[in-house]
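Using the sequences and the hints given, assemble the complete structure.
If you use full-length UniProt numbering, the sequence shown corresponds to residues 1 to 180, in order.
If you're looking for bench data, these hints aren't it; they were derived computationally from the structure.
Keep in mind that a hint or two might mislead.
[What the hints assert, rightly or not] In the SDA-like style, the derived pairs of lysine to any residue whose C-alpha atoms are separated by at most 25 Å in a straight line are:
| hint | residue 1 | residue 2 |
| --- | --- | --- |
| 1 | Lys130 | Ile144 |
| 2 | Lys74 | Arg55 |
| 3 | Lys115 | Leu103 |
| 4 | Lys67 | Gly51 |
| 5 | Lys130 | Ser156 |
| 6 | Lys67 | Leu56 |
| 7 | Lys115 | Gln172 |
| 8 | Lys66 | Leu77 |
| 9 | Lys67 | Lys115 |
| 10 | Lys66 | Arg41 |
| 11 | Lys115 | Lys83 |
| 12 | Lys83 | Pro46 |
| 13 | Lys74 | Leu103 |
| 14 | Lys130 | Ser152 |
| 15 | Lys130 | Leu159 |
| 16 | Lys83 | Met72 |
| 17 | Lys66 | Ala100 |
| 18 | Lys130 | Gly112 |
| 19 | Lys27 | Lys83 |
| 20 | Lys78 | His58 |
| 21 | Lys67 | Arg92 |
| 22 | Lys74 | Ala100 |
| 23 | Lys74 | Ala18 |
| 24 | Lys66 | Phe42 |
| 25 | Lys27 | Trp15 |
| 26 | Lys78 | Leu103 |
| 27 | Lys130 | Ala146 |
| 28 | Lys66 | Gln23 |
| 29 | Lys130 | Val158 |
| 30 | Lys115 | Lys130 |
| 31 | Lys47 | Arg31 |
| 32 | Lys47 | Trp15 |
A quick note: this is a predicted structure, and the numbers were derived from the prediction, not measured.
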Amino acid sequence: MCRIAGVTRSGYYAWLDAAPARQSREKTDQRDFANILEAYRFRGRPKGARGIHMRLLHTGIRMNLKKIRRLMGKYGLKCPVRKENPYRQMARQLRTSNVAPNLVQRNFHGFGPRKILLTDITYLFYKGGKCYLSTILDAMTREILAYRLSPSLEVSFVLETVDALVRDYGSQLDNTTIVH
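So this is what it looks like as structure tokens:
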């Protein structure tokens, strides 16, 4: 029979004698894979081998990273590769190609009143939480020309600040005014 199978007699008996060890290792692998699967599913997001390794260490289970990778491969557990956020990618491309020239050169007082307007958004913390203050300041006179408060940081409340500026000071602004 060994001749037909193409194995030596000693090899067959070595394989036969190792059967209990193989079964024991299989049980250990299944128990360890249950821990790996629990760490993989922690907080509802899949993790790779290193994330699983750190999670297991955090729970007090020491397991070699190579063993985690071996068991993930054995049981077909794969972590999906995260794709880059397309909006962040577009913003990065726009940022590098749309650099405006520095007209002010940190000379905020050399242009006259209503020529350089400074904008800022500030967080205001109070007992019930926080709100956001959007302001537009004249660099020459240091006068606050427009401001708006908002409970959330949205573009619309910044645009309301600009609308208030145009409504109150539109006649004093021209096409040479710089909003910084």
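Evaluation of the provided hints:
{"no.": "1", "hint": "Lys130 <-> Ile144", "in the structure": "holds (21 Å)"}
{"no.": "2", "hint": "Lys74 <-> Arg55", "in the structure": "holds (20 Å)"}
{"no.": "3", "hint": "Lys115 <-> Leu103", "in the structure": "holds (12 Å)"}
{"no.": "4", "hint": "Lys67 <-> Gly51", "in the structure": "holds (14 Å)"}
{"no.": "5", "hint": "Lys130 <-> Ser156", "in the structure": "holds (18 Å)"}
{"no.": "6", "hint": "Lys67 <-> Leu56", "in the structure": "holds (12 Å)"}
{"no.": "7", "hint": "Lys115 <-> Gln172", "in the structure": "holds (9 Å)"}
{"no.": "8", "hint": "Lys66 <-> Leu77", "in the structure": "holds (14 Å)"}
{"no.": "9", "hint": "Lys67 <-> Lys115", "in the structure": "violated (66 Å)"}
{"no.": "10", "hint": "Lys66 <-> Arg41", "in the structure": "holds (19 Å)"}
{"no.": "11", "hint": "Lys115 <-> Lys83", "in the structure": "violated (44 Å)"}
{"no.": "12", "hint": "Lys83 <-> Pro46", "in the structure": "holds (14 Å)"}
{"no.": "13", "hint": "Lys74 <-> Leu103", "in the structure": "violated (62 Å)"}
{"no.": "14", "hint": "Lys130 <-> Ser152", "in the structure": "holds (9 Å)"}
{"no.": "15", "hint": "Lys130 <-> Leu159", "in the structure": "holds (20 Å)"}
{"no.": "16", "hint": "Lys83 <-> Met72", "in the structure": "holds (21 Å)"}
{"no.": "17", "hint": "Lys66 <-> Ala100", "in the structure": "violated (51 Å)"}
{"no.": "18", "hint": "Lys130 <-> Gly112", "in the structure": "violated (35 Å)"}
{"no.": "19", "hint": "Lys27 <-> Lys83", "in the structure": "violated (36 Å)"}
{"no.": "20", "hint": "Lys78 <-> His58", "in the structure": "holds (21 Å)"}
{"no.": "21", "hint": "Lys67 <-> Arg92", "in the structure": "violated (39 Å)"}
{"no.": "22", "hint": "Lys74 <-> Ala100", "in the structure": "violated (55 Å)"}
{"no.": "23", "hint": "Lys74 <-> Ala18", "in the structure": "holds (20 Å)"}
{"no.": "24", "hint": "Lys66 <-> Phe42", "in the structure": "holds (20 Å)"}
{"no.": "25", "hint": "Lys27 <-> Trp15", "in the structure": "holds (18 Å)"}
{"no.": "26", "hint": "Lys78 <-> Leu103", "in the structure": "violated (52 Å)"}
{"no.": "27", "hint": "Lys130 <-> Ala146", "in the structure": "holds (20 Å)"}
{"no.": "28", "hint": "Lys66 <-> Gln23", "in the structure": "holds (21 Å)"}
{"no.": "29", "hint": "Lys130 <-> Val158", "in the structure": "holds (17 Å)"}
{"no.": "30", "hint": "Lys115 <-> Lys130", "in the structure": "violated (32 Å)"}
{"no.": "31", "hint": "Lys47 <-> Arg31", "in the structure": "holds (19 Å)"}
{"no.": "32", "hint": "Lys47 <-> Trp15", "in the structure": "violated (36 Å)"}
Violated hints, listed in ascending order, are 9, 11, 13, 17, 18, 19, 21, 22, 26, 30 and 32; each of the other numbered hints is respected by the structure.
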